[in-house]
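A.B. asks: Protein chains in written order, with the UniProt record's numbering: chain P, 1 to 189; chain U, 1 to 328.
Please keep in mind that the hints were generated in silico from the structure rather than gathered at the bench.
Ideal placement from N, C-alpha and C gives every residue a C-beta, glycine not left out.
Misleading hints may appear alongside valid ones.
Calculated lysine-lysine pairs in the DSSO-like style (CA-CA distance at most 27 Å, straight line) [said to hold, decoys possible]: (1) U:Lys189 - U:Lys171; (2) U:Lys235 - U:Lys189; (3) U:Lys53 - P:Lys158; (4) U:Lys235 - U:Lys198; (5) U:Lys28 - P:Lys158; (6) U:Lys198 - U:Lys278.
Not everything, but these chain U residues come out facing chain P in the computed CB check (under 10 Å) [what the hints assert, rightly or not]: (7) His310; (8) Phe313; (9) Lys316.
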Amino acid sequence: MNRSAVDLWFVEEVLPLEGALTGYLRRKWREANEIPDLRQEIYTRVYEAATVAIPEMTKPFLFMTARNLLIDRARRAQVVSIEAVLDSEGLDVADTVPNPEQNAVGREALRLLQAAISRLPPRCREVTLLRKVHGLPQRDVARRMGISESTVEQQVAKGVRLIADAMADIVPEPVTSRFGRRPRKVGQP
Amino acid sequence: MIEHDPIEEQAARWLARQDAGPLDAAGKAGFDAWLATSTRHRVTYLRLEAAWKRADHLRAARQAPALAPSPTGARMAVERAPWRRWAPVIAIAATVALAVVLPQTDDWDWPFTGGQKFSTGVGDRYTAHLQDGSQIELNTNTRLRASVDQATREVRLDRGEAFFEVVHDEKHPFVVISGDLRIVDVGTKFSVRREGDKLEVVVAEGAVLVEDMAHPNDVPPVLVPQLAAAVAQPKAIRKSSRSEEQVRDALGWRRGTLVFTDRPLREVAAEFNRYNRKQLVVPADGPLGDIRIGGSFEATNVDAFARLLHSGFGLKVNDDGREIKISN
């Protein structure tokens, strides 16, 4: 897999905002089961936009995209009043203050991560622990647990999805701003 | 619960496959083609990959004992090598059971609390000796996890049946958790048997408190005294008394014996089937299953029991090595 600058931007700047984005979607969208799909659609849109030009400020851009998608969907589905999406809260996305959640790093993030793993189904948890905490390769995990390698692989596939969902609220190390928040050049429109 | 999302399922499979080892040329081509199908595929994969990589922080944290937040953790840091608190260690214990030392699983402060897993196979028994002097005898096909040290005494019964001989400690109650039900020891010898979400508690000595943690307002805790039993299910805990003999019979398995008094064959067969791979098959309907059985039998000698059904009751017994079919 060849990694592009957009991939890097997406992983380092967009994904850490998942907790905030999910919270926003929960407040704005009544159908909770549609939120994962909305989130993925928002990611797709911001990623595609970034292939043209990486946005200067990731957070406002992400939330603006979210808001626009919700308006589109609400118009089509006519389930949520458009006003609900457009109300004042939708406007605070333009704020440029540092994200408070970026302070929640290290210890707290680790605790949440542990909590996420502890809630996995037993076999999946054991695989994840051996693979990630103990650092064993999948083959050795299989041998230790007396299960087949393909079963381990299946459990990894299951575990990664559950962990990704559970870790929505975790923000890793502060983002060393490789992208965005760059000072505007003088004279730029 | 994982949401149904075919793209995410595929992304997870690709990730798990590469987590197992590098892709071969065909695999690489397939993966690249899959990624190129749509931006949604790519962002979905990147998201899962980021989460999976982030879990590596746990490994780095193994070297950071300062993270241990509780006095328990601190004390354990002295007693055990640091890696042992973090990493699952698998050890073979005794001859009968496999004891797996894994971090305590269901509570939030894992992996700071230690824990031990004990399990038995079909027909096996095993006695676990805990740090606090208490003993747990595991009956056939049983699995439990014990987290017992000076601060907490907690056992989770995942499956099967066990007999507890608890060293009483006023300040640190011994707690058995099974699903949403909780049994708190009040100085005791008692057994707990789990079948799905149903629990049967028989108290031989002392008393226990049975609580429904999921419905604390609907179901008050029930105190089960000596020579009594309780059958507990979510939202329903029923108590009944037992004679000394009945309690002894209920605990016959500790000697490897099944004791029945006037029990229908259907139930007796189900009981034998817990201890043996070779299963007794009794028709679900009809009078055959209602035949009353009494006596004391060796739990793992199902063949002897089948012979008795033939010679004593004149029933037909068809043994194919895997199953013993009983008929008229």
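A.B. asks: Indicate, hint by hint, whether the structure satisfies it.
C.D. replies: Right, here's what the structure says about each hint:
The hinted pair formed by U:Lys189 and U:Lys171 meets the criterion: a straight-line CA distance of about 18 Å does not exceed 27 Å. With a CA separation close to 25 Å, the supplied pair U:Lys235 and U:Lys189 stays within the 27 Å bound. Taking the CA atoms of U:Lys53 and P:Lys158, the gap is near 15 Å; set against the 27 Å cutoff, the hint holds. Distance hint between U:Lys235 and U:Lys198 is fulfilled; the C-alpha atoms sit about 11 Å from each other, no more than 27 Å.
At roughly 22 Å between alpha-carbon atoms, U:Lys28 and P:Lys158 fall within 27 Å of each other, so this suggested pair holds. Annotation: proposed proximity of U:Lys198 to U:Lys278 holds, straight-line Cα distance about 25 Å (limit 27 Å). The criterion of a C-beta within 10 Å of any C-beta in chain P is not met by U:His310, whose closest approach is roughly 39 Å, and the hint is violated. At its closest, the beta carbon of U:Phe313 sits 42 Å from a beta carbon of chain P; the interface hint therefore is violated under the 10 Å criterion.
About 39 Å separates the beta-carbon of U:Lys316 from the nearest beta-carbon of chain P, more than 10 Å, and the hint is not met.
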